[in-house]
Amino acid sequence: MSAPAKAAYFGRTALLSMARAPFIHVVAVATIAIALTAYGLARMATAQVDKWAAAIAGEVEMTVYLADGTAPEEAEKLVKALTQQTQGQAKLVSPAEALGRLSESMGTFGQALEGLSKNPLPWSIELNVPPPSREPATLKTLAEQARALPMVTGVDYGEAALERLTALSKGLKWGSVLVFGLVFIITVVIVSAALQLAIHSRREEIEIQKLVGASDRFVRAPFLIEGLIQGALGAGLALAGLMALLAWLGPQANEWLRFLDVGGGPAWRPEWALEMLGLGAGLGFIGSLLAVRRFLRV
Amino acid sequence: MIQMFHVTKSYPGDPPVLRDIHLDIQKGEFVFLTGPSGAGKSTLLKLLFLAERATSGQVLISGKNIARLRESGVPYLRRNIGVVFQDFKLLKNRTVCDNVGFTLDVVGTPRDVVRQKVAQILKRVGLEHKIDVLPPKLSGGEQQRVVIARALVNDPAILLADEPTGNLDPALTLEIMDLLCDVNTRGTTVLVATHDASLIARYHKRTLRLERGTLVAEHDVGLKAAARMAAG
Numbered sequence: 001m002s003a004p005a006k007a008a009y010f011g012r013t014a015l016l017s018m019a020r021a022p023f024i025h026v027v028a029v030a031t032i033a034i035a036l037t038a039y040g041l042a043r044m045a046t047a048q049v050d051k052w053a054a055a056i057a058g059e060v061e062m063t064v065y066l067a068d069g070t071a072p073e074e075a076e077k078l079v080k081a082l083t084q085q086t087q088g089q090a091k092l093v094s095p096a097e098a099l100g101r102l103s104e105s106m107g108t109f110g111q112a113l114e115g116l117s118k119n120p121l122p123w124s125i126e127l128n129v130p131p132p133s134r135e136p137a138t139l140k141t142l143a144e145q146a147r148a149l150p151m152v153t154g155v156d157y158g159e160a161a162l163e164r165l166t167a168l169s170k171g172l173k174w175g176s177v178l179v180f181g182l183v184f185i186i187t188v189v190i191v192s193a194a195l196q197l198a199i200h201s202r203r204e205e206i207e208i209q210k211l212v213g214a215s216d217r218f219v220r221a222p223f224l225i226e227g228l229i230q231g232a233l234g235a236g237l238a239l240a241g242l243m244a245l246l247a248w249l250g251p252q253a254n255e256w257l258r259f260l261d262v263g264g265g266p267a268w269r270p271e272w273a274l275e276m277l278g279l280g281a282g283l284g285f286i287g288s289l290l291a292v293r294r295f296l297r298v
Numbered sequence: 299m300i301q302m303f304h305v306t307k308s309y310p311g312d313p314p315v316l317r318d319i320h321l322d323i324q325k326g327e328f329v330f331l332t333g334p335s336g337a338g339k340s341t342l343l344k345l346l347f348l349a350e351r352a353t354s355g356q357v358l359i360s361g362k363n364i365a366r367l368r369e370s371g372v373p374y375l376r377r378n379i380g381v382v383f384q385d386f387k388l389l390k391n392r393t394v395c396d397n398v399g400f401t402l403d404v405v406g407t408p409r410d411v412v413r414q415k416v417a418q419i420l421k422r423v424g425l426e427h428k429i430d431v432l433p434p435k436l437s438g439g440e441q442q443r444v445v446i447a448r449a450l451v452n453d454p455a456i457l458l459a460d461e462p463t464g465n466l467d468p469a470l471t472l473e474i475m476d477l478l479c480d481v482n483t484r485g486t487t488v489l490v491a492t493h494d495a496s497l498i499a500r501y502h503k504r505t506l507r508l509e510r511g512t513l514v515a516e517h518d519v520g521l522k523a524a525a526r527m528a529a530g
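Protein chains in written order, with the working numbering: chain A, 1 to 298; chain B, 299 to 530.
Watch out, some of these pointers could steer you wrong.
Each computed DSSO-like pair below joins lysine-lysine, with the alpha-carbon atoms no more than 27 Å apart [stated by the list, open to error]:
id : chain 1 : residue 1 : chain 2 : residue 2
1  : A       : Lys77     : A       : Lys118
2  : B       : Lys387    : B       : Lys344
3  : A       : Lys6      : B       : Lys415
4  : B       : Lys387    : A       : Lys6
5  : A       : Lys6      : B       : Lys390
Keep in mind the hints are simulated off the structure, nothing from the lab.
Produce the entire structure from the sequences given, and follow the hints as far as they go.
Laid out in structure tokens, this is it:
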């Protein structure tokens, strides 16, 4: 029998046996679908937090404060140095311009600043770093390098908020890996148990196949194909559920999150569908492999 | 064709089922294996198609010691040995064609050839018209003929039959035995386990007798039984 003919034989056997015991297979498919829905939700949540972190980082403008009495020429030199170092855009802000902005931002209360005998604000440099450097770790290094420069008295870029969001994103990533690991194991056990029931009802068939000279591989192949099909169906079901959820929740979430201006609500990436399909197939395959093993001893 | 040397089979905590068995069955022979229930007949057959492994000793099939055959080699051995079971071991929800075709499927026979070969072997056992029937719709004798067809469809060198007529009435018993004899005349080595003395007496074949796991007599058991039947 040629390889395609063999594949067709195993596929046909797998589909026939699924049709003969549909309930057991529905249980396995549903279990895989639940596990993968949890995975998909975790994936979306992590991506959402990442998106927020990126949106906040995108707004980050690093302000470098210079010491009192810094000469404008020296300040210009620093601007050039920081521009070269970050490949971004740096703008020198004089104390007068800074005071003007402060006054403007205070509205009517800004008039109070006019009574100051001396401008208390220092020269500063506003640094807009390019997107690749907007990662919290890169920004932190840049800030440390800037602090080490002569005449620099302080650097501010909303460090605390960004780091908190990044930590949350990391925590969510690791949490979802851990949760998915647990869900994966539990699903394999449940799928394997469901398939054992299906295989148990076919133990006579397996025994006869073995007695007439079937190899373990021959007996196992249709069950593994069943597992793959169940995994794919489970993934399909989970994807359909997530898409429906996204279609229902997405516009509302966008509405809720609009005021934050953080790049919109939950979104879906096509590559996640492939991931889920692969994971579903893996779950079904491993579950079948474990289930069929104990019935091969004849 | 089939040889055993010092073969013992025992299970932990129990006395040996088979003790120091020696036997030699030539190619093309028809041999009865007889003895009371529990004497070890089925176990001896199982050692030949490796449903069980000998605890000690050598089991040779065509000169090869199968007692030490690796698990991966077992399917290849079984493809050369047809086995007929007392309880038929037919799948009730599969047609006769599917049941017989199993043996061909496992060796990778193309689908169209499977049906063709199954039809041929069913003709030989007189069941060509039952190819698409489910086993529960067949009589006991017909079911046993399907089992024989399944055992023979791959043209094995050896046919083992474990109480093949145990569930059949006398008329069907003779029908099945005649079929097994016919298989033997075509060159297949046949070993039939039975406790039915009338069969042994009727067919005058070489007979091996097992009692409590030991091979106690050979050669003339069939003739003695025939003499007893004639005297009785």
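- Enumerate the violated hints, using their earlier numbering and listing them in ascending order. none
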